[in-house]
Structure formats: structure tokens, C-alpha cells
Amino acid sequence: MLRILPLGDSAITIEFGNEIDPRLNAHVVGFAQAIVDQGWSGIFDIVPTYRSITVHFDPLQWDSAALVDRLKALPRPKPGKAEQRGALHEIPVLYGGEWGPDLDDVAAFAGLSPEQTVTLHASTRYRVYMLGFIPGFPYLGLVSTHLAIPRLSTPRTKVPAGSVGIADRQTGIYPTVTPGGWRLIGRTPTPLYRRTNPTPFLLKPGDLVQFRPIDREEFDRLSREASDEDH
Amino acid sequence: MMDRQRCRIIVVKGGWLTTVQDLGRYGYQQYGVPITGAMDRFSAIVANRLVGNSDQAAVLELTLKGPVLQFERDTVIAITGADLSPTINGSTVPLWQSILVPYGSRLSFGKQRTGSRAYLAIAGGIDVPLVLGSRSTHCASETGGFQGRPLKPGDILLCGGNSGELADRLIGKRLPDRLLPRYERSIPLRIIPGPQQDFFVKQSLAALTEVTYTVSPQSDRMGYRLSGPKVVHKGSMQFISDGTVMGALQVPQDGQPILLMADRQTTGGYPKIVVVISADLPLAAQLAPGDSVTFTPCTIAEAQRALRMHRTQLDAALPPINSSFLCR
Chain U
2 MLRILPLGDS AITIEFGNEI DPRLNAHVVG FAQAIVDQGW SGIFDIVPTY
52 RSITVHFDPL QWDSAALVDR LKALPRPKPG KAEQRGALHE IPVLYGGEWG
102 PDLDDVAAFA GLSPEQTVTL HASTRYRVYM LGFIPGFPYL GLVSTHLAIP
152 RLSTPRTKVP AGSVGIADRQ TGIYPTVTPG GWRLIGRTPT PLYRRTNPTP
202 FLLKPGDLVQ FRPIDREEFD RLSREASDED H
Chain L
79 MMDRQRCRII VVKGGWLTTV QDLGRYGYQQ YGVPITGAMD RFSAIVANRL
129 VGNSDQAAVL ELTLKGPVLQ FERDTVIAIT GADLSPTING STVPLWQSIL
179 VPYGSRLSFG KQRTGSRAYL AIAGGIDVPL VLGSRSTHCA SETGGFQGRP
229 LKPGDILLCG GNSGELADRL IGKRLPDRLL PRYERSIPLR IIPGPQQDFF
279 VKQSLAALTE VTYTVSPQSD RMGYRLSGPK VVHKGSMQFI SDGTVMGALQ
329 VPQDGQPILL MADRQTTGGY PKIVVVISAD LPLAAQLAPG DSVTFTPCTI
379 AEAQRALRMH RTQLDAALPP INSSFLCR
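From first to last, the protein sequence lines are chains U and L. Each number in my numbering comes from the position in the first sequence (counting from 1) with 1 added on. Each number in my numbering comes from the position in the second sequence (counting from 1) with 78 added on.
If you are wondering where the hints come from, they were derived from the structure by calculation, not from laboratory data. C-beta atoms are modelled at their ideal positions from N, C-alpha and C, and glycine is treated no differently. Careful: at least some of the hints might be erroneous.
[To be verified] What follows is a list of derived Cβ distance ranges for each label pair:
1. U/Asp59 with L/Gly182: 40 to 46 Å
2. U/Ser154 with L/Pro180: 54 to 60 Å
3. L/Gln275 with U/Ala66: 15 to 21 Å
4. L/Gly182 with U/Pro180: 28 to 34 Å
5. U/Pro161 with L/Ile88: 33 to 39 Å
6. L/Thr390 with U/Ala88: 42 to 48 Å
7. U/Ser228 with L/Gly250: 51 to 57 Å
8. L/Ile88 with U/Arg24: 54 to 60 Å
9. U/Arg225 with L/Gln275: 49 to 55 Å
10. U/Glu218 with L/Lys308: 51 to 57 Å
11. U/Gly182 with L/Gly182: 30 to 36 Å
12. U/Ala67 with L/Gly250: 19 to 25 Å
13. L/Ala379 with U/Arg24: 32 to 38 Å
14. L/Gln275 with U/Arg24: 45 to 51 Å
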């Protein structure tokens, strides 16, 4: 079940399974922490994903085979411990309108009203499976099958920062302006990535996210507060 | 506050793509932050050692068409990597050795002769703020480097100064000829079987080593799109995104491979059939659109031996100021 796959001469991927599943991802997050806890020098990045961990090492300092042995010898995290919950974050979102230009399309796809769509999206407590794509971008899941709309066939060239999107059974938040193909249903005033902060990233793998629908007034107020904090 | 010991460099022309880079931004990949850093780590390290810097000091990476820079103080520099025909006040500048640039000089570049990326190290390093532990520029997320972007006219770079005594010791220091890389328009790259070989039809790996791929114009610091014979997937197996590494050859459904480079995303949704060995990445970094590559099989043990041998030879010729590789 656990596969160790060489990724060139400077990284190893440990694969725990082949599905998007919260229990599997909890094992991934727990084992990644166990590697971090070893404090081995010459290991410069440990990257948990949905169902695997990539360990990046200094090839001048580590022999790939020796590292595999050390990784195999690590105690596997106990299921109870591995499934400990990460921090819960409430993320306020202004849904629809210019902030969520694809909400009506998602609603049509689901056969629901826009209001029902918002309620459904905001009623699930999502897991941060991993971060990737751009700094601070969380892959959250799983989205209700009703809302599992495919990506746009032509990505937008500019997605505004804070946009909340859906792609299949994943939902995510764009921390900065970037091209992107996810269907945008709303926008959050909460910054996910503050590059000059001592703790630049709001979310980490294993955390939980609960979206809370807000109105225009609250969105504007929270946006002002966030920008005041930055200055 | 102006420090008298520091050199000011005024950017007169930015060049095609001139960015501040170091050996990369490590420790934040789990938050989706790409490594970035110099595409050709070897040339960046050599440039730094020639001017008495630590390997991790920030350098300029010049792409195909270099900038025009005005130096506001006597300083020692070294240019390595691609030959982009550098001149100081009209006189040709030798590559791979440290040289004195007198106050008021203008460094310009001309025709691209060999390679595609040159590295300019300045004694004391380029003084830009550390962002998430690195001075590398990631243009896509406007992170690090000089205001998160390529240089443009009017920018002023500050560089750490060095004493005149040190400068005297540095001038004329050079990389021995036997260690000079040779940049060809067609190169072999050694490969290790990748983590998702089982996503491809049986003969794919062998077939890959028998054909030539061309670097397409859709190539940048994130990756090179290669054009050539299709690498055939076994049906349309769903692949769940996982970790990536510089040098990984990922293959989308269209069968045209993409060689992932310094600005690659931390995770990717395409299966990776092979990975180019670390020792060959500096040569891969010097490829330009229209150049071609072939692939030669290699083992991990051979790859690590090749890298260590390169490093031992380099350390003997130009001892490091700070010995760690990639890590800070």
C-alpha cells in the first residue's frame, strides 16, 4: 500500500494510495509531520499532497537509497493520532455578482437556484488536502457532487485575489491575481498569503475551512480591515 | 540610508528578461511556493565564487539579450554561463573570470553566441530583501528579487561592497578551461525512470531514448515544451496531482512532454515518465527554443556520482566561501 517512488536524484515520493480521501490525507499529513520532526539536515522540503509526500533532499548530502531506508524505518503514525483535526478557519465569502461571475452557471449545472447553490457550498466543512498551483492556494474538498462542475474550457487570464472557485469536486481560493480556470462563485476579503508576515500563510494541509456567506457591507468592512493591517 | 561601501548600479536597459536569482526558495513548497532560483545553478555558483561571494548570494540572470548597466563605484564582477557578447565601455569582457569594473563604466551585451542564460555576480552580492528566506524572483507571484519583477530602465540596484584589498586578490581569478561547460545546440540529457512510468505504454521509456525532441517557443523558466514523437499514455488514466521536481518530464494527454524547470509549480497533475539528472540540469538551462535534446538512461547511483564528481572538481578549482549546496 505504501509505495516509495524515486523522483530523480534529489527527491522521493511516498505514495499512500490512489484516491482523494480524508483518512488517507490525514495519514499523509501525519507522516509528513513525523519526517519534519526528525530534523534531518539536508532535507529541505517535505511536500504533502492529496495522497503522497514528496521529500526533497540535497543530493550531495544524501544517498537516495539510504534516505529510503531511513524513511521506511520511521514509525507509521497511529490512525487515531493521524486523524487529529487541524485548525478550523471560518472564511467569509461574498457570493455571486461581480465577485462570483460563474455562480449562475454553477447553479444551472446543479439544477438549483443561486441561493440554494450558495447554501450547499457553504454548508460543507472542507478539508485542506494540500496547497499548490500558486503560493497559498488551498485545494479544498470534497464539494457536493451536485456542484462538481468542470473547469472553464478557456481559463480566465486574470482571476482577482480572494476569488473562490470550483473545479470538479474541489473548491479553492486564489490568494493572488493569476490566470485560472476554476468557476468563480464568490470572493473572500480574508488574505491567505501575506508575504511579509512572520506567518505568511493562513492555511496548512490538514486544516478545515468553513465558508460563511456575507453581504456587500461586511465584505467592504472586512476588506478595509485587512488592508489596514497590511499598512 | 546610503552606505558608502556599497555599489550602486543603474539599469539603463532591462534586457529581454533580467531577474535577481539565488539558489532558490526552499522550505515553503508545502504552501505552494515554487523553488525558482537560477536556472543554471552551476554558472550562478561559479560566478559567485569568482567574486568572493557565498554560493547563495543573489546574482542577475540574463536571458538571450542582456541589459545595459551603469556602475557607480569601482567593483568586481564575473559573468558566467551563456556568451551574450558582454562589453565594458565598448571593450570585450572575458567570461568565467573576475574583472574590475571602474567607476562610471557601462556594461552592455550584444549578440547571443552560445547558451541562453548568463549570470552576473557582483562582489558582495545584490542587496534585495530576503522574502521567505530567498532573494530569488518569482515573477508570476511577484515574490522576491527586485520588487518581484524583471529589471527595467531606471531601476537602481545596491550591492554589498568589498574592500580594495579583497578586490586586488580577486581580479583575474578564473575557472580552469577543463571545467568550462560546452553549450551545443543539440545535447544529450541523462534520465532516471520517473515515478509514473506505469501510466505509459510499455515501450515508451525505451522509445524516448531513441528520438530527438526540439525545445518549442512555448518554453520559459517554468518549463520547456518539447516537440517530437508522442509519448503514448495507457488510455486516459486519472492522475491525482503530486509533487514535482526540476528536471521532471511530465506528459499531458497530447503526448508532447514538458521538461519542468526552476519556476515549476510545486505540484502537478500530469504523470512524470522520467527525470533529468541534477548534474545535467545546468546544460538543460542553457537551451533555447529551436535547440534539441536526446535522452540517455542512467541510474540514481550514477547520477549522484556524476553530481559529486562535478562538485569535487569545482571545489578543488574554486573553493566555496560557504560549502552548503542549495540549502541555506
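At the C-beta level, are L/Gly182 and U/Pro180 separated by a distance inside 28 to 34 Å? 43 Å, violated
Just tell me: holds or violated, for the beta carbon distance of L/Gln275 and U/Ala66 against 15 to 21 Å? For L/Gln275 and U/Ala66 the Cβ distance comes to about 19 Å; the hint holds.
Is the distance from the Cβ of L/Ala379 to the Cβ of U/Arg24 consistent with 32 to 38 Å? 36 Å, holds
Verify the CB-CB distance for L/Ile88 and U/Arg24 against the hinted window 54 to 60 Å. 58 Å, holds
U/Asp59 and L/Gly182, beta-carbon distance inside 40 to 46 Å? About 42 Å separates the Cβ atoms of U/Asp59 and L/Gly182, which means 40 to 46 Å holds.
Check the following: the C-beta atoms of U/Ala67 and L/Gly250 are separated by a distance inside 19 to 25 Å. Because 42 Å falls outside the window, the suggested range is violated.
Assessment of proposed distance window 42 to 48 Å (beta carbons of L/Thr390, U/Ala88): 46 Å, holds
Cβ separation of U/Arg225 and L/Gln275, checked against the hinted range 49 to 55 Å: 53 Å, holds
Range hint 33 to 39 Å: satisfied by the CB atoms of U/Pro161 and L/Ile88? 35 Å, holds
Are U/Glu218 and L/Lys308 spaced within 51 to 57 Å by their CB atoms? 55 Å, holds
At the C-beta level, are L/Gln275 and U/Arg24 separated by a distance inside 45 to 51 Å? 28 Å, violated
Could one say that the CB atoms of U/Ser154 and L/Pro180 fall in the range 54 to 60 Å? For L/Pro180 against U/Ser154, whose Cβ atoms are near 58 Å apart, the range 54 to 60 Å holds.
In summary, the numbered hints that this structure violates are 4, 11, 12 and 14.
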